[in-house]
Structures are given as C-alpha cells and as structure tokens.
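Put the two chains together into one complex, using the hints given.
Residue numbers (the numbering used here), protein chains in the order written: chain A, 4 to 207; chain B, 31 to 940.
Hints in this document: simulated from the structure, not taken from any laboratory. A virtual CB, placed ideally from N, CA and C, is assigned to each residue, including glycine. Please note that the accuracy of each hint is not assured.
[Stated by the list, open to error] Result set (DSSO-like, lysine-lysine): computed pairs, CA atoms no more than 30 Å apart in a straight line:
id: 1; chain 1: B; residue 1: K365; chain 2: B; residue 2: K305
id: 2; chain 1: A; residue 1: K194; chain 2: B; residue 2: K365
id: 3; chain 1: B; residue 1: K93; chain 2: B; residue 2: K388
id: 4; chain 1: B; residue 1: K561; chain 2: A; residue 2: K190
[What the hints assert, rightly or not] Reference listing, derived: stretches of chain B covered by chain A, where coverage requires no fewer than 3 residues with Cβ under 8 Å from a Cβ of chain A:
id: 5; region: 463-469
id: 6; region: 513-522
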Amino acid sequence: MGSTNSTLSKIPNVEELMQETGFTPAHIVRLYDRFEALDKEKTGHLRPQDFGAINRLAMNPIGDRIIGAFFSPGQETVDFHSFVRILAHFRPADKKRPKDPSMPEPVNSRTSKLKYPPLVFSLISVAFQLYDQDKDGKISRAELLQVLRSMLEMQVTEEQLESIADRTIQEADLDKDDAISFEEFRKSLEKVNIDHKMSIRFLR
Amino acid sequence: PLRRVLLILPFGTPLGGVYKERTKDAARLSEFNGKMLLVSWEWSYVQTPYIIAIWILVASVAKILFHFSQRFTTVVPESCMLILLGLVLGGIVLLTSKKQLYQLEPGLFFLFLLPTIVGDAGYFMPARLFFDNLGAILLYAVVGTLWNAFCTGFCLYGVKLLGIIDQKVQAGLMEFLLFGALISAVDPVAVLAVFEEVHVNETLFIIVFGESLLNDAVTVVLYKVYMSFVEVGPENVQTADYFKGVASFLIVSIGGTMVGLIFAALLAFITRFTKKVRIIEPLLVFLMVYLAYLTAELFSLSAILSMTFCGIGCNKYVEANISQKSRTTVKYTMKTLASIAETIIFIFLGISAVDKSKWAWDTGLISCTLIFIFVFRALGVVMQTWVLNWFRLVPLDKIDQVVMSYGGLRGAVAFALVVLLDAERVPAKDYFVATTIIVVFFTVMFQGLTIKPLVNWLKVPRATNRKPTINEEIHERAFDHCLTAVEDIAGLNGYHHWRDKWEQFDKNYLSKLLLRKSVYRKSELWEVYQKINIRDAISVIDQGGNVLTSARLSLPSMASRASFPEVTNVTNYLRENGSGVCLDLQVIDNVPGAKVEEESETHHFLAGNLYKPRRRYQSHYSRHFMTVGDHERQDREIFQRNMKSRMETHSNGCFLSLLQRRGSDVKEQDLNDKPRRNVSWQDKDPVVVTVESEDEKGEHLEPEKEEDVGITFVARKVPDTPKERPKSVPAGLEVCQSPSVAPPSPTCSERNLPWKGGIGTLPVCVSMEATKIIPIDLQQAWNQSISSLESLASPPGPVEPLHPRVSALSRLGGQRPVSYSGSGVSGSGFGSRGAGSIVAQGIARFEFPPGGEEKEEEEGALSDQEQELQPLVSSSVRPPAPSPPGPGSRAEEEPLCVPEEPGHSAPSWQ
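Bound-form chain B, shown alone (with noise of 0.2 Å):
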C-alpha cells in the first residue's frame, strides 16, 4: 500500500537514468514510424526540467502553507520548517528508492542558488547604513572568521589528540583546520532567513549580515589553502606557501571586489541608453550581476564579494536610470528568485540530511565542535567588539554582542563545502559531512528558533519600519553638510570627510558618467520627495474610502497633521500662487452626501457587473513593448499635457474664451482615459501616482514626461475654508470633485463622479487595438479607491445657473484626473446610454475648431460656487439630481447620443 502512495512520485527515481534514457531519444522517432500515436508518454524527454519545476512548485507550496498560521510562523522561522519538511521528503524519497536521489549539489548551489540569494541581498542592500558599519563589517568578516577558523580547528586537533574524538576519523591537523574552516563561517542565507524574521535594529542586522557577505573571500581563500595542503601533505608545506596564502587572500578578496565594481559600472553605463528598449532592462540588471559573480567565480575569487559589490554600486545609478516599471520588476524578480532559492536550499538541505551514506556519526566530534564553534564566535565577537568600540561613534553593547554570537548561524554555504571535500584526500569526509549537517541544523533550528524570545527578552532594540519623512531626509542632509564642515573647521579628515569628497567626487564624474542626463540633472531630495508623495498617495488609494471619507485623513508621512481643515491654510495658499493641478485629497472634510453613496454604490454595482465583458476587445499584444505603443505614449503626453493646463486654468481662475481650445480638450481627455488604464493598472505595478498631496504644483508633469514614468496625479488642497478663500475666488480643483447637477450644467457631475467623464471615453477605448481594461482582480481595489476619491468631493453651494452651451461643454472637458483612472471599471456602470451620449457631444462640438481648455476656465469659475450648490451626483442614469433640471438635461441629451454610441464616436477622434 505504502509503495502505491508513494506512486505519486514517479519521477523520483528516473533522475540518475536521464541521461541515459535521453540516448534513447533518437530511437524514440524510429519506434514510432509506422505507427501514429495520439497521445505518447514522453517522459525521459521532460524530465528534467520537469523534476526542476516540481521542485520549485514544492517549495513555493511549502512556504505558503507555512504562512497559513499567522501564529504559528512568527513562532518558527521558516528555515526551520522548510528543513523539517525536506527531512520529510527526504524520507520519502529514500523509502521509495533505497537510496537518496537528491541532495544539495555544490554546483547547483554555487552557480545557481546562492547568487540568486546573494545578488539580492547586494542589490537592494541599504549602502549608507553598510558603508557607515564598513569598518566593523570588516573586523567581524576577517579578523572574526580567521579567528574562528583556526581556533575551531587546532582545538578539535587538541580534542582528537586527548582522545575525545574517535579514532575512527582519520584526520590530521591539516584536516580539522580545513573542517574548521569550512565549519567557521557565518552564513548569509541562514543569518538572512533568521535575521528577516527577527527584525532587530538596522545596526545590528547590517553588521551580522555584512559579514556574513564578505566573510565569503576569507573561507574561500582558507578552503583553497588548506585543501591544497591537504593535497601536497602537511610536510611538504613551506613557510613560502604560508604567504602565498596571504597573497591569494588579497587577491581573492580585493579582485572580487574590483571585478563586482567593473561590472556595476558596466551595467549602470548601459541602462544608460536603454530608453528605447525598456524590456529588457531587468534582463540586463539580472545578466550584469549574475555575470558578475560567474566572472568572479572564473578567477577563482570570492565570487559573494563580486556579487555583494557590484549589487551595491550599481544600484544607485541603475535605479534612477531604469523606468519605475522595471525597477519593479527588477524587485519583485529578484525577492522572488532569491526566496524560491532560500526555500529550495532549506528543503534540499533537509533532503540532503537522510542519507545513509552520510551517517558517520561521532559524538564526540560533533559536540565538540558545536561547543567550540558557539564559543569562539562569543569570545570573538566580545574581543573583536572591544577593539571596535574604541573606534566606534556608537558603540556596540552587550546586548548587541550577545545577538552577534548568537547570530553567528552556519548554513548551506558550509554544507556545499564540505560535500566538494575530495574523500580520497580527506578520508574522514563522511565524518566532516555528518558534523556540518549537524550543526547547520542546529543553529539554523535550535538559535533560529530561540533568537527570537532572546531578542525579546533582552529587548534589543528593533527595527523601526518606519518610511522617513521630509523632513528627516532634509535634516539628515544637511547634517550632513554640517558635519562634514566641523571635521574640516576642526582640521580632521575623519569619515565624513570622505564620505563628502566621495559626494563631490561621484557627483562631478562617476555620476555624469553613469546616469542618464535627463536623471543626472534631477535632484536626489527631489526624487524622495516624489517618492513620498506617491507613498501618501498609494497608502490613501489603499487604505479606500475609509480613511477619505471620515472627516480626517492622516498621510503616513504627516504624523503630526491632525486633521485637515488646520491645514488648509497652507494648501490655499499654495493653490493660489501655484499653477498646480490639484486632486484634493483633502475635500474629505465636506460630508458626502447620501446621495453620492447611493450614487457610487450604484456605479460600483454596475461596473463590476457590466465592464467586464468588454474584456473581449482587449487584443493588443506585443512581446516588446509592455505598455505603450506609439499611440498610447502619445495619448498619454496629450493627457498629461492637457491635464495640466487644464489644472492651471482651474487654478488660475482665468476665462478664456472657450472656443478655443475645446475641441481639443474633448479629443484629448477621451482618448487619455484609456492610456491611463492600460498604463497603470493593467500591468498591476504600482501605480506611480504622485499624488502631492497638497501643495502640489503641476509643472513637474512636464519634465517628468519619460514614458514609464506612469501617470501623475497631482492633489492640491482644495480650499473650502471659507475664511480663507473668498468664494469667488474660483475653487480649482473642488470643481472637478463636487459632484454636481445643475441644470443646464451637468459640467459637476461629470466632474465630479469619474465615471461619468469616462463614459465618453470608453466608446473610443474599444474601438481602439490597444484597449485594455481593468484586470478584474483589480477592479475591487479600484472600485474602492475610486469611491474614496468620489466621496472627498461634494461641497454644498449655491447652484448657479450656466448657460447650457457652458455646460455641456464643461461636461465633456470635466473630467477629473481622478476619474480617467475610475472611468475604465466605472464607466461601464452607467454604460453605453451615458457614454453614448457624452461621445455624441464630443463629436458635436468637435467640430468647433481649436481648443477646449477653456472649458476648465469656466469651470473652474463657475464650479466653486456650483459645487458648493450640488450635494451631489446627479446623472441621467440614476438619482434625483437635487437640482431638478439636472437629470432633465441629462436625459434630453440622452436619445440623442444612443444611436451613436461606439462605432460613430472612435472614428472621430482617431
């Protein structure tokens, strides 16, 4: 029964024939020639690949079954019950088989599993915090490992020679050194598994981390060294060899270094002048890194260092150099990657453990060097930590040296050495294999398992997970500046000093060098800034309408902000002098009305019902370009471009004559809405939505124009406090939110409730190649973001009557920016009547010659005291408009536009 179960896993046992079965392939053709086969089991032609994936499936299972249990994870660390289950199937596969078939390959992991594991922890290590802590890093990496080398080896000598070892292990002193080695250095993937979890301070996490990274070049150099004594037998060495050792070491170290720094340079110059072909710019970031630990590897030098380096060197210039769509992928690839490949280590690692060959057990070796291992590493890192405080501006305290010993896991590193072991040359192999299994799991398992109440209880500090604010960055600079002028006022060339002389030199060179000159001219502050504003904004759009519709909304980065009408203030301020476009996040304070629940309600239920089959029209497929076509770039500009002076004739409050630009307007705004979409949402990135909160100013669309730069939004404070702002004064952006009805004006609504703007759009859309829609398992989270953005709008005022040539025209330019993103779900809510009928007036006053822009002049005139009129949304389709004559206009309009739905309005504006 037990042998049918195990059935299941029939390729278990082909691995070690593929090859041979592949020999076969060839005859595979003959045997069929005469014969026509429907359906042939062709496994010996799968399978590896197959065997790979499965693996991969497994684990990827594995670790989200392990994160069912909420408690039960933060209890065990992962590592632990990955090795657990890889003990599980190792069983298994040794009960059906006989004989382990699988076990961690040294090449497998050296060429393929760690640099995955390696290259993101280089990638996305934080270089200010690791260059501040380099000089401990340093210590603990060399001074820490040799110490622990030698000690772990010449006391396991002692112990052999006093008889505690068996005699079984036929090693000599040589052979411990190398074990000791092999055995000493702290290993990156466990210590990252582990650390992860654990979250104990930045300090303490880069300097356990760091050295486990570039403790790399120490074993390698004494793994070589020794095994080469090994070789020619300890009688033979010379004292010559003694500093050929040391060379190497320098060589190892030093050139893996230079060679992850050729490579960081290399790949940053190339994304350089990727701005044509973004595809393909995650591609090159992996293959550069990745080639950069193989070149490494080529020369036999530390091939972690080269990886480490060149992940940190280049970062800075590859990140601002690639598009935020490949930055994404870049992450989310690589976490992804290095997580399949931590997991598989862990499981193989279990696997690897039940194998009878590995068996040779002694006791006495093994508790030694579990004791001997745990008490160098304390005694090292309290002596080495002492030496550092001197040197140290924050010095390490106790706590922190006991996390530091304690952290000092081995992993699979160790392993994959100690299986490389030649066991000719190193008869007691078998003995080195077993004790490095051993302790492997028992400092991944047993400290993995108890670092985290040891953390706890002796309450080290810990990570904060906490985004800076403005603020900080700004500070943070200029102390910077601030101390880099003491050390000089004070006559030192201490670390500030070259960190600045570093700066200047990076700044005036290697940065003109390596980044493109459209990024090179951009501000870091600047960019933080724009960072946070999106962080604000996709935490806003996150957190749904919860957070906007009650009366407050606190922004992550704004603590201290208690609630928002203070504020406004500052925003009016800004809004007045600035020309910005303005999504006001922060018309919150005006209470939604009933209306526009019921309204947004309606609108959600419809779209999720309705949008989807339209689904049918997405046929744009392009294996080159992601996103954007021609078309669809040059859609975007005109959106962008049209948004903002939209936004700044809001803002301004200025009458233009409103023939002129209006045509365009309407083209545009139609045509934007599906770019925006397909931009943003289809591809599931985050959404760059900088949405500046407040203060924002539109003029940063421009420069920001690259393509992948994705969509801006840009919130401005509305200003509804009355005090401040005159009424006249035209309310910018409030237009567009408040979802109004008048009469002869259904500029509000449209404005106001995305969805109706979009309406107009979404003829066009489908008629259109590129059209995508909203995945649908984004729909909800849209939906949602949408309706937080509805509801801000919507301040109560006196509805002024429009002439309804205004108004119809407003209609059609009124879309908010907000809305382009709702129209795409939202506006098959109200369907094909209102779409149809939005589209009939745009052709219909398409004709009139140039310009709609000036519309948004009227609007933006008009529509503070509109808005304050309109509660809320009216719309043909579905509620009373609080103002009688709103829905009637709507509704005359209506007939009118049916007829003329999709086909006759795309043709116009294409």
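So that you can see chain A by itself, here it is in the shape it has in the complex (with noise of 0.2 Å):
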C-alpha cells in the first residue's frame, strides 16, 4: 500500500481522477506504471509512436484506429488523464450500481459534467469512431471498406470486400444515404449488449 500511495501521490488531481473514472487506486496505479512504460521519453505525454512500440498493437489489424482513438484532434499527444479517461470507456458498468441499458455510460455522463471535454460520448462512439476516420458523422463506403480490408487481410478478394461493405451499408443505411450515420449505426447494434461486448476487465 505504501508504494500505491507513493505512486498517487506523483499524480496530479489523482482523486478528481478516480472519481471520474471509477478506477480504484490499484487501478490507477497500475495504469500509472503502465503509462510510464510506454513512455519512454519521461515527457509525461505519449506519442503516437509510443503506443506504435507495443508489439501486439503492430500485428492488431485496427490497432492504428485505436492508437487513433486516444488523441483528441489537433493533439499530438496524451498525457496520464486523458490516457485513464479514455481506458475508462472499457471499464465494465459498476456493478453497485446496476445500470439501466438504455442509459449513457457513467463514465461519459460524468465526464460530459466535468471540466474535461469529453473526446467520446460513450461506447458506442467510441466504436464508431472506428469507422470514422474523416470524423464527419458518418461511415462512408470507403471507410467502411478501410475496415473490412485490415480486418479480412488477405483472406477475400476485393469484389468481396465490396460486396460486404455493400451489403452492410444497405443494411443499416436507412435514410439512403449511401453511408452509415451514427444514428444508424447505433441502430444496428441495439440488439447487441454493447455493455458486455466492449467491456474489459481491469485487473488489479
């Protein structure tokens, strides 16, 4: 406990932090080790290539989309707060607190009140964001396709892909736009607990 506290108290705004985030000092701690890992030029502030020196990340088909996720745009790096905020997304939903599905994850709904912007909404944004690279709103055939392309690697043939992608704009697309909007795309993950599916478990 003693090297926790030691740990906390290098961390500015540490318990601001954790009650925004949810995280346990073990947690934080942990993240905090991990944070200083990765960032091998004691900046404070990870760099895209930091997060490029993970190894698994490399061979992680959207793993650049996720590297992608944590810097806001404009930024060129993260420093230790954002880094645990956006973590906190995939925390799973408190379990004192049994949340109704329907509503927006704690985090970001405590998030959107403090003083940090929120850089995503929820979840389901964050996987959005996935897709949407050029960040106007919605997921064009093309990205679509940037997607399906990592994901499948080698394994179809590019009429595949397309026919794919065709279909699964066709699918959700509901205004006809040719592209799926965010609102569609929650649409098409209503029936899929999100919750559960894009919820990690942090260990201490």
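Structure (structure tokens):
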C-alpha cells in the first residue's frame, strides 16, 4: 500500500481522476506504471509512436485506429489523465449500480459534467469512431471498406469485400445516403449488448 | 379380457429368453427339413433388433403425439410426459409378465444413449459462448459438484445418526458419501430437455448446461473413489488414498479433455481429404466423436468431457471442410439420434420405476435427500456466484441465481450410476435406487413443470431467436480487435489478450493444418455474409408469393429497411458497376399483371398434374454418390459458368456478336436445368441458394464451385427506378424476369416464366439416365417459390421490335436462373409441346458454331425496353399475349417442334 500511495501522490488531481473514471487506486497505479513504461522519454505525454512500440498492437488490424482514438483532433500527445479517461470507457459498468442499458455510460455521463471535454461519448461512439476516420459523422463506403480490408487481410478478394461492404451499408442505411450515420450505426447494434461486448476487466 | 389386449405386446415376454432361443436357431433348420414352409414364424431370429426398433418407434410416436396439442406442450415439458408414458408402459409390462422386463440398463445408457446426446451437445455447442463463460462453468462444475456431493453425503449421514432415516437403510458414511456423489451431479440430459423448452438467455443456459456436462469428471471420480473406499472398507482408507483421489480427478478430467481434443484434431484432419468421397463425411464425424467417447471410457477417463471437447474442438474445422450436404446430414442425424435417445431415456426412466424390486421406500431418506440437494444446490450457487461476481465482467444477478439453483435437475446419469452399484457391497442399494428415482422424477417433473412459470414470473431475460445481421458480425469482430488493442495498451494480459493469441495461433498453425486449402483461404466473415444471404433467400422463398407479390419485401436481416424502392439506388449503383448475376428479388415493386397471375396459375395447375408421370424416368441410383455423377457435376459447372458469364453480359449490356456463343449457350442451358433440380431439391437439402439479395457480384460463383456447394443464385437489384437509371442502360436481370412477349421475340416470356425457358430442357432430362425430378412433396413449395419469383417480373414497358432471329435465340438463351429450378416442376405444365418447340429451336441453332452467350447481351440491351413493354407473359399455350404477335410467333414455331420432341432433341446435346 505504501508504494501505491507514493505513486498516487505523483499524479496530480488523482482523486478527481479516480472519481471521474471509477478506477480504484490500485487500477490507477497500475495504469500509471503502464503509462510510464510506454512513455520512454519521460515527457509525461504519449505520442503515437509510443503506442506503436507495443508489439502486439502493431499486429492488430485496427490497432492504428485504436491509437487514433486516444488523440483528440489536432493533438499530438496524450497525457495520463486523458489516457486513463479513455481506458475508463472500457471498464465494465459499475456493479453496485446496476445500470439501465438504455442509459449512457456512467463514465461519459460523469465526464460530460466535468471540465474536461468529453473525447468520446460512450462506448458506441468509440466504436463508431473506429470506422469514421474523417470524423464527418458518417461511415462511408470507403471507410467501411478500409476497416474490412484490414480485418480480413488477404482472405477475400476485393470484390467480396465490396459486396460485404455494400450489403452492410444497405442493411444499416436507413436514410439511403449510402453511408452509415451514427444513429444508423447505433440502431444496427441496438440488439447487441454493447456494454458486455465492449468491456474488459481491469485486473488489479 | 385384459390378457388378450396385452397380447398385442407379444414381444414383451421373450426378452429374457432371447438368448436361449437363439441357441435353438441351429436346430430350427433341421426341424424344417423334409417339409417346405411358405411362411414361418422367425421371432427368435429377429427378436432383439425387432424389440429395439419397436421401442424406438414407440418413442417417436410418443413424441409426435405430445406435439399434437400446442397448448399442452407449452405447459408440460416433454420429459414429464415421457416419464409418465414410461410409467404407464411399465405398468402394462408388469401386469402382463409379473416382472419388469425392461429398465434403463446402465450399459445401454452409457454406451449408446448418453453419447448420442452428449455428442450432439458438444458438436453444436456455441464455442464462443462456452469459452467466454468457461470460468463460471468450471467453478460450478467442479467446486459446485464437490460441495453438493460432500454436503449431501455428510448431512444424510448426520440425519441417519439422528435416527430420521430408518435403521433398515444399512449405510455408513462412505455409502452416504457415495450416494451424495451420484445424486448431486446436475444431469445434462434433464437440463437439456427442460431448458430447451424454457429458452432462458444464452449465458444462463450455457452456464447450467456447461456445468452439467463438465461435472461428469467430478462425478466419475467421486463415484470411483468412494466405490473403492466402500470396497476396502472405510477403516482401511489411508491418507494417501485421498491424494490419489485428487490425482485421479486431474487425470480423469484432463485426460478426458485431451482425448477429446486429439480426436477432434484427427477428425478435422481426416475431413481435409474427403473431397472425393463426400458421402462418408457424416459417418466420419459420428465415428470419430463416438470413438472419442469410447476411448475415454476405455481408459476410464471422463467420457462426457472427452466427447464434449471433441465436439467443440472439431466443429469449426469440420464444418468448414465438409460439404454443405454433409453438414446438413450431420446436423439432422445428430439431432434425430439425440432426440430419440432422450425420449428413450425418459420413457425407460418411467418404466424402470415400475418395478417391485425397486420399491424400497424410506420416507426419511427420500425427503431428506430432496431437501438437501435443493438447499445445498441453492447455497452453493449463491456462494459461488458471490465469488464469481468479483471476477465476472457481467455479474450474475439474483434472478440468474434462482434459475440456476432451480435448474439443477438430476436425471438418468444418476439413475444409471445407482443401478450400477453392487448390492453386495452396498446393502442399502435398493433404498438408494428408490430415492434416486424419486429425486429424478421430482426434479424433472416438478421442477421441470414449474421452471417455466418461474422464469416467466421472474422475467428472466429470454434468448432471442435472432440471427445476427452482417452489421453485428462485422462490428463485433471489430470490437474484439478493439478490446485486444485496449488490453495491450493498458498492459493487461486479460481474456481478450489470450483469445487473440489463440486466434493468431489458430490462424497460423491449426487452421493451416486442419483446413482444406480451398477453405483456408476463405474468410469467416465472407462465409457469414453468404450464410446471411442464403438465409434471406430461403426465407424469401419460404414465404412464397406473399412477400414477393406484395409491394414490399423485407428480408429478415434487414430489419431496418422499410421498403424497397428506396433501396434501389444502392443496387443500381452496384449493378452498373458490377458484373454480378442478378436474380432480382426486388423487382417486386412492379405490380404483377393479371396475366402473370393467370399464367402462373395455369402453370401450377398443369405442373402439378402433368409432371408426375415423368418420374418413371428416374432411374439413377448410386450408393456412392448421392447426387452428382461426373456427368452432372460437369453439367452443373457448365451451368454455373454459363450463368455467370450470362449475367455478366447482361449487366454490362454490351452487344456481342450473336453467333459467337449461341450454340453453346443453348446447349448448356438445357443441360443445366437438370442438375439443378437434382442437386438441390431432390435431396431436400436446404437449398444453397445464395441469394445475394441485391448487391451481388457474380464472381464468387467461381471459387465456390466445389461440387457440393449447390447452386448459387445471385440476386441483384434491378434498377427500375427510372430516375436513377436511364432506360437505355440495359437492365441486366430485369430482363429475365419481365414476362414479355414481343411478337418477333419470344425472348422475354421465356426468360421470365421459368417454365417456358425450362421447357426446352425437359426432353433432355428425360433421356438422361440421371434424371431426377422434384419430389412430389416438394412440388408445392417449389411452385410457390417459383411463382413468387415469377411475380417479380414484368415491368411494363414499350416493346421493342426485335429481329426475328434474335428473338428466337434469345428465347433459347433467355432462361433465368430461377427458371431453372422452376422448370423441373413447371416445365411440365406447358408440357411437351412447348418443350418440343424450344428444343427444336435449340437444335436448329445449335448448328451455328460457337457460343450462345451473345444473345444474352442482346437481350440485356433489348430487354429493358422489352420487359417494360410486356407486362405479362404470353405463351404459346395460354394467355393472349399483350402484344398480339407474340402468340402468333409462338404458334408458328410450335408445329415444327412438336414432332421433334424428346427423342430427337436429347441426343443433340448429350
């Protein structure tokens, strides 16, 4: 516990951060260690290259997109607080407060009240952003194709990719603009318990 | 009088005597020498299989009867009814023979009945769900079962000491622990039987069911350990023996799992090489899975574990390797066997209870056992869940715990184990047997009956019987990657991390080793995509004309789509770009004219009535190749290639020279017709109709050509919205569908109305040895689907005069893919005459050298206008064509053709 406290004391505004993200001190310490390990140059900020250094992430087909999600537009670096806040989205919903699935994520509801501008609104918008690379609020056919291509790698032909993409868009596209808007995206996933599918367990 | 009634069951009595009479068989022959009997009574010869067959028949009929009343079966679970039936049958047998002849023999149960159920469960286990919840399942299976076994055993012993259990029950601590072990395991058969009807959500189901499967290892080990303890006597048990027990548990469980996985790998590996012998694929699956079970039994490992893991392990690879038909066969056979085995188990459980030797009733023992197993189950579940929820992402709430406690059903495994007890070593065996029967009946019947209302009352989230959409498939895959990445970033080696590692390993090594090359290259997502398309196609066809004729068609996977017209843009876009085949399901928007309906009505009528006689030509039989001889395969290939190129040309709308491909086209078309029917419908296989509903490209036809793939329909959206698409652009497929009779060009009518096109083929088929016809029972369904497809057609439009020659050609070539299928049944309607005519044409044209394909293109070009012109099909036979010349032209041709009919035509392309 001593080391925990000493680590915590190094982090500014740690109380606020914990309250905001719902992480326990142990979590925070662990993440802080991780942050420091990633931050090889000890600048207190992570740059995309720092993420790129993670080996397994390089093998992940959509790894670069995930990395991109850590950086708000126009920013080159991410500090520890943002780092933790973003990871907090993937923290399972609070057990003590069984959450109505229709409610927005606890993290984000809290986040939005706080002074930090919400980088993401909820899990679903995190997911949406994975696709929507140009941030125009729509997943275009080209964007979808990109994701599909990276996920499927060599296994399918371009034509197959395209037909999958077309089918996907067709299926979700309600307003027939040949693109998937956020609303359409949400609708297409409304039967999926996204909180279950998009959470990971943060071990202590 | 009763006696006489009971004589109906003459085979009841002789069971015991079978073997004695068997020995007389030899003598039987000598008895008969001298006199020649025309008919003789050979009961003893057939007795054993006969009795088995009769029992299976009884079980099946019982199942059928129970499902007569919908309202009844929703309230009373089938297992209850089967047990009751068993009780009745047992009573009858007992009355007739004074002695119970049948009971659930442990040998029969463990070697035959149980494996069928476990095999089915393992093979079709939703692997992802299972492994996602593996932690919980293992905890409940191991700790939970141990807890139940010890608590029940000790408490029964305590109660015995208190004197609540009668002194007649001669049992010590070891006996009670033994009894506790066998009574405490949740039973997979019972759980499956009850939970299948309750439809709780998947997580809950997989936890209870997984537990019931995996606790087998614990049960087996406890049972064995206690048996040995009972044998040597409790006083001789040494400390080392307890450790041996633990070691034995590890060996039994891990060993069982390993055996299963080894067999899974073997099976997957073998199926890599069955391409030429598809027919044995299903058999291989059954054999290897069963062998996994037997092998585990052989080494006294946990057979259920072995089989379960064999099923789970091999499923992915085997399903990818074997053919579609084999998949269907495996599925149906497994389900059939499992369902019959389950039925027999419950009936025999009922029968076994009606046996005087088992009526060793001790109220204290029975009531205490019931109370204990229930209380300890509930306690165990609550405690374990409490621990588990510390670690679970999705905690199990109170309602889940109630259902899990209540769903702890005991069943036939316990019964078979207790019957196996040695009465000399376990003097209280009879009491234990009676108690087990009561416990099983109570849990299966009382809890089985009440669990449904309970689940309703608690509002337990139900399973949604919803198939994932392509969106969900894609996004969930993306989520998996996303979570893996997040875990990597956060430096956690969590579940996703390991799952991803496993997937990498699987992709890089296992799949390479166990999957066929052709399959390995395919992407799973692509498979999913195709499956979804197939599903849509099938459901469209299933719904028959209803959906299709109505102005809107909603495919199940496209819940969001409101109506088709709006969708057209995408499709148009696709179809302009793509060279896909299109069977356009969406032409629906065109209101079918009365003529079409009339036509199709006539067609169905004629088809229904005229076609059957041709069945007599059906002569092909082969034990080794179900459907496809080389010949047929070839035909099919030709068909697919032809189809594809045809569609391509359609959509491209280019005019190629007519002459080039004409001849071949005609020929191919005709030939193709046949294989199609044979392949998909004859076997009642779920047809592999890959209807890529609208956006399809035809390309994938090629890769899939493996013979078992079946036929691929590729539907493409028809661009009928004028705004989006200039008319001048050839509307690739619409053409086909629009029934039209242009005076000079019969083309459209052929294309549109399947039977017209198909006519040409019939004679050919007949002459070919392999001709098969759609089974009568399928005809109606088929007709429906055809009609629905037909009704798609017919956009009104201006008729464009065609050159007579062109029209004739196009007529030949104009068959639509749909029509192929249709032609089998439908062709008959217009019967020989029409057929003859077309054939004749075909022949005539055939002489022109190469290639019939061009006509397609012509059609394509012409067609959009044509089709619009011609609202409905006019045909030689019936309805007055919208445009007068149509029928006329037809008529002219007919006389020519008639004489030439089948005999003539067949040789030309064979």
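_Hint numbers not upheld by this structure, sorted from lowest to highest_ = 5
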